[in-house]
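J.: Chain residues, written in single-letter form:
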Amino acid sequence: MADIRLNEVTKDYGHERGVFNLDFEIKKGEIFGFVGPNGAGKTTTIRQIMGFIKPSAGSIEIRGLDAYSDATETKNYIGYIPGEIAFPDLSTGHAFISSQAEFWKLKDLSFADELVKILQIDLSANPRKMSKGMKQKTAVIAALMNDSEILILDEPTTGLDPLMRKHFLDILEREKAKGKTIFISSNIFQELEELCDRVALIKDGRIIDIAVMEDIRNPKKREYKIEFLEKDDFESFRKLPYEFIRIKDDQNQVIIKIDVNNTGKLIRDLSEHRIKFISENKYSLEKYFKEKFDQFEEGAEDD
Amino acid sequence: MISKPLFKQSLKANGYAWLLITLLTAFMLGTIVMVLGNLQANEIRDSLKETFIESELESNFKSGAIDGYLETLGTVEEVYPQAKQVYNLTTGSIKAYDLLKMNPYVPDAKAAAIQAIYNEAPEGQKEQAAAIADYVLTAYESQTVEEGQMHEFKCELVIDIILSNIEEEMNEEVRAAIVSISKSILDLYEEKDDLGKEDLQTIARLFIESVFYQNLLNEESEEQKEMLAELGFETMEEMLDNYGFTELKVNTVIQSGLLQYISYVNNDMTHKEAKAEVTDSLLSSMPEKVGESLQELGELNINHLVIGSIFYKIAGLLLPIVYTIMTANNLIAGQVDSGSMAYVLSTPTKRRKVVLTQMVFLISSLILMFVIIGGVGMLATFLVEGDLSISFGGFLKLTFGALAAMIAIGGICFLASAWFNRSKHAMGVGGGLSMFFLVSTILGLFGSDSIPEALRIDAMNFFNYTSIISFFDVNAILEGGSFLGGLLILLLIGAVTYALGILIFDKKDLPL
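These protein sequence lines map, in sequence, to chains G and A. Here the working numbering is used: the first residue of the first sequence is 1, the next is one more, and so on. Here the working numbering is used: the first residue of the second sequence is 1, the next is one more, and so on.
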């Protein structure tokens, strides 16, 4: 059974705002990224998963429970970092953490203490007066402290400096290793690329595509940029049956795309030419989505 | 049914404001009670009241004296011709007898004198005159009357005759009055030979002056008893004493009243006009409106006004309303607006439990607040000497009433807080309405019965219909009227608004 399952979920706020026909599932132990520009509907989707708002149509299941009507029960499995961090009116971060522990009926705070060490945070400060980064760290602790099996993280890295972001992503890696299911939204492609098993792109409330990261990290076809020393080599190579993406005459440079299985043939061919350099044009999530996005736009124009 | 950690959070977040506002408001009531109790705020009222009562009593005395005077004057005018006639006959009989007695040829001077009187009397009165002469001379014959005692002797006879002429039954009092009046007439007649209108008026006046005070003390009409009871006295003497009416003062008052009255009447004023003029009291001498207002001012209970209408309905509600607006907002809308509610709702805590916990916090904090405020007010009454004329029961009822009003206002703020996701909207609607009710109550006070008419602006009473605080009827509580209905309505408003708040929060979309 999927940990999270969205069935044709629509939340229509009118004027084309909201989310429409979201239909996907997140398996247990999977890290699922959710990416899209501001206002695309990421937070609206997450609020529905959390049971804070009710879908206009469709339903969401969390381990078989309805996200809205069984919202309280689903929280036994969920750790949550909201998109906007604001804490209750308590005097210290400690008070906040122990209050959360009371809500969870959590007696053992050793995991929370461990997180405090990793994130290097001083919890004696008033949580409302903390810097953005401090707040974010405190929120991370609050979300993870119960060791919940499903983590729902709404742009959790905003406000963290690069070093802290690295720490945070390390923590998520560890959680993943424990078998946690993680739903993480972001508008930064790179961090999702490293972490996620799958990433969904949402735009204007609609899922444009769900990328399988394995395919992007190890694509079947790869691009290489090759520059030749002499014009002769360049001209001779051009006559070979490769898929040329781009050809730059003045620099004796080509960009080709080949199936991974043909790599040996390419090396043999290249050994017969004098080349200045060869480099792989790494495929990225961003590139992938740019392609998908362009297709989507064309499709929209065709309509 | 409520969440302990959430209740703790609410307590930590709102406890200081609660404590400060509770202490400040309790301090306010304590101070008011001490000031009113020790400074005798009712002193002015009492002196005002006394002045009115004194003036009213004086006017009463004068009116009574004039009535008595008129009655007496009637009697004087009735008695005078008789007295004059009988006195003349008496004098004539004695003169004739003395004269005839000296005549040796008259064998029976008495019979001759009677005959002479009979002869001289006008037709129709001959028999009567002879009878009087007989009566007089029988008495005269039997004793020796010295020269100086002659008038007294004649008076005695004349008064006897006058009394015997009166056919009606008389009690001692009336009899004594007639005797006294007749004597006065005869004394003056002896001096002046003939009496004019003014002489008779003087006789009547002097008579009233001589008996009025004593009559006042003896009189025991129902009307008088009622008046005494109303003013809180058992006997007339006690009352007169209390307001400083000595016999001399009473006499001076009625003498001046009667003299004034007589001179008005003699100067062609009608009886009614003259009496009205003389008996004008302080109140009736003023224009009607002013008089009524002053009377009302005299009856105004400052303690009831300040503690009831001003503290419990306005001043004592202001800070608790501020607390309620802030707290009701902090408890729900503020946390939804900032997003901090997400931390509670991302734990296995039911929405209904959250909203119920916040309701319980708000209501219980208001209950405790008013228990403390009312308790301080009651404690303060121990520390003051004077009588506040508000009992413990009164304080309890006022405190409960104010609490009911706060629960209703709290319900409105709570509903707004549960309804809106934005603090500013919740505060605007909940706080706006609450403040509107309070300000309406302030404006309405100027048009309410609590304010003496002189200061009242009747049109302002309209505002009492635009405030739910009006259901808290402090006047009914203090003056003894039905107030439970209003308080029930307030509690009902509370019940409906809290219930709606709970239902709405349970179902709405939360931007967390």
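Please keep in mind that the hints were generated in silico from the structure rather than gathered at the bench. Just so you know, these numbers come straight off a predicted model, no measurement behind them. Where hints are given, some of them may not hold.
[As the list claims (entries may be wrong)] Here are the in silico distance ranges between beta carbons for each label pair:
no.	chain 1	residue 1	chain 2	residue 2	range
1	G	THR10	A	ALA459	55 to 61 Å
2	G	SER110	A	ILE504	37 to 43 Å
3	G	THR10	A	GLY375	56 to 62 Å
Ideal Cβ positions, reconstructed from N, Cα and C, are used throughout, including at glycine.
J.: If a hint holds in the structure, say so; if it doesn't, say that too.
T.: Now the hints, each set against the structure:
Between THR10/G and ALA459/A the beta carbon distance is about 57 Å. The supplied range of 55 to 61 Å therefore holds. SER110/G and ILE504/A have their C-beta atoms about 41 Å apart, which keeps the hinted 37 to 43 Å range intact. Checked against the given bound of 56 to 62 Å, the beta carbons of THR10/G and GLY375/A, roughly 57 Å apart, stay inside it.
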